[in-house]
Amino acid sequence: MSERRYETALAKAPRTWVSQLLIILVCLVLLLWSSSAVQSNSTGGSGFSVAKGIVQGILHPTPSLLLNLNTNGVPYLLFETVAIAFLGTLVGAVLSIPFSFLGASNIVPKPISWLVRVCVMAIRTIPAFVYGLMFIMVTGPGAFAGLLTMSCCSIGMLSKMFTESIEELDKGIIESLDAAGCTLFEKIRYGILPQLMPSFTSTLIYRFDMNLRDASVLGLVGAGGIGAPLMFAMNSYRWNDVGAILLGLIVLVLIVEWFSSRLRIKLMKGE
Amino acid sequence: MKKGNKGKLSLYDKVFKPVHYTLENGSTIDEKRSRVPLILVILVIATIAAGEVTGFSFSTLVNRISYFFVILSDMVPPDWSYMPRVWQPLMDTIKMSLLGSFIGAVLCIPFSVLCSSNLVSKKVITGFFKLFYSIVRTLPTLVIALIATYIFGLGTFAGTVAIAVFTFAYCGKILYEQIETVDMGSYEALQALGMGRISAIRYAVWPQVLPSFISTVLFCFEGNVRYASILGYVGAGGLGIILNERIGWMEYARVGMILLSLFFTVVIIELISSRLRARLVQGEN
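Chains U and R, in that order, give the protein sequences. Quick note: the first sequence uses this note's numbering, first residue 7, plus one each step. Quick note: the second sequence uses this note's numbering, first residue 200, plus one each step.
Any given hint could turn out to be false.
Claimed, not checked - Cut-off 27 Å, straight-line C-alpha distance, at most; resulting in silico cross-link-like pairs (DSS-like, lysine-lysine):
#1 Lys275(U) <-> Lys216(R)
#2 Lys275(U) <-> Lys372(R)
#3 Lys231(R) <-> Lys275(U)
#4 Lys372(R) <-> Lys166(U)
#5 Lys216(R) <-> Lys272(U)
#6 Lys58(U) <-> Lys329(R)
#7 Lys18(U) <-> Lys329(R)
#8 Lys322(R) <-> Lys58(U)
#9 Lys272(U) <-> Lys372(R)
#10 Lys216(R) <-> Lys231(R)
#11 Lys231(R) <-> Lys58(U)
#12 Lys193(U) <-> Lys231(R)
#13 Lys166(U) <-> Lys116(U)
#14 Lys275(U) <-> Lys329(R)
#15 Lys58(U) <-> Lys216(R)
#16 Lys272(U) <-> Lys213(R)
Read the hints as simulated data drawn from the structure, not as lab findings.
Hey, can you work out the whole structure from these sequences and the hints?
Okay, structure coming up:
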């Protein structure tokens with residue numbers, strides 16, 4: 007009796023094997039296609055010794071570099087990197103606020119918001135080092151160029167997240183403030199800001215976290231921070247210096263990440 | 200309005216005394232002073248300090264910002280005749296990110312299971328693997344790519360490895376967070392029926408996290424295509440190599456062509472993947 011019920015239930019189950027087979031086939035074809043790209047100019051067996059050098063370097067960082075307090079030491083370079091990431095995030099936020107309001111479909115007409123979004127995507131597509139080179143023309147090499155590059159790279163993600171939170175605005179609150187006779191300023195202060203601030207701040211903290219990590223990219227083009235010394239040390243195979251810098255970077259990022267995730271949890275809970 | 204708990208006044212509340220209200224029914228309420236002024240002061244100080252360190256100056260910015268658009272205006276119109284030589288590196292970039300994302304996503308599954316505190320009871324093990332993920336995540340992708348070029352030689356393989364490592368760390372973290380919030384009822388039921396731990400995970404936990412995991416991987420893949428174009432800068436294959444060359448030769452019209460092709464590729468991939476992700480979310484509900 008009960009076996010029959012199972013059988014009918016099983017017979018009713020949707021037959022998905024055709025579509026599943028199709029998906030698997032597509033994935034396999036894509037994988038085979040992409041594996042044709044795997045090629046490398048052999049290093050002639052030196053790869054293993056390099057790997058050994060890196061591991062040993064990270065285990066034995068140069069102490070003089072790690073504890074040196076002048077402008078060549080790891081602490082100052084890390085401080086400079088934090089400053090670049092912090093101001094870069096701030097400037098990026100200021101730049102992305104107009105983009106985010108103009109990209110929100112509940113504020114401006116659809117065609118305009120669509121156009122602004124395409125613009126933001128184009129801004130995002132340009133790789134960081136291209137921005138870096140462009141800004142070096144403006145300010146000359148140094149931390150200032152790095153800061154501006156960082157802010158341009160932040161625009162894409164920041165305005166996308168800002169737009170999302172603007173589109174989630176509860177209009178009822180603004181209408182009720184309107185009904186209570188509030189002025190425009192009061193409506194923005196009590197109706198809009200409290201709704202946007204938590205998600206904006208949370209996005210900003212998250213982006214600061216990411217910028218700190220990406221700061222090494224800037225070193226490539228000579229745009230300040232810890233990136234350049236890291237790249238120099240790697241290019242000249244000074245693995246112990248690489249170890250010292252990486253160690254500093256890892257510890258810093260871990261600390262900042264711990265703080266930022268705690269802050270964001272607090273913001274989400276609305277404290 | 201928050202109720203002030205008098206036992207726990209922080210330093211800030213001792214300096215700036217809370218406002219004291221007495222209600223009509225006689226009960227008293229303390230409203231703590233807003234933290235906003237303190238946060239603002241800290242922010243302003245941090246901004247000024249950071250401005251000093253980085254040499255921020257508005258006058259340079261205003262006077263010389265036109266130079267920013269020099270390169271940009273040289274990129275328009277792009278050099279269309281260069282396109283045939285862009286195809287190969289562009290395809291390499293896509294292939295690198297596809298394969299790298301796949302390898303990273305597959306590799307992170309066992310590690311994420313070992314991270315999940317609801318599947319592995321030993322705190323030492325979950326803590327160790329979580330720390331491992333955090334450390335891998337702090338390594339900048341470009342640095343991984345550079346190290347990979349030293350170990351595996353210049354070429355697309357180094358880029359694939361860098362992307363795989365990044366995907367591994369990013370998707371792995373999200374996967375173990377999802378596993379930890381999974382409904383454990385069916386897992387326990389299957390174990391009570393006498394199933395082994397691995398097969399219980401396979402039939403009770405895995406189906407619950409699969410849709411959102413695939414969605415995460417797709418999202419990561421989108422970002423990887425964009426990131427893979429940078430990796431060429433250190434010689435790890437893809438668009439970055441020719442991009443770097445053309446910038447070096449100051450052939451900005453060709454740089455414009457490369458960027459335009461990258462833009463369209465990213466848009467198309469994002470369209471496809473956001474379609475797929477929307478369907479995955481629908482299938483979940």
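Problem - Broken hints, by number - result: Those not satisfied are hints 7, 8, 11 and 15.
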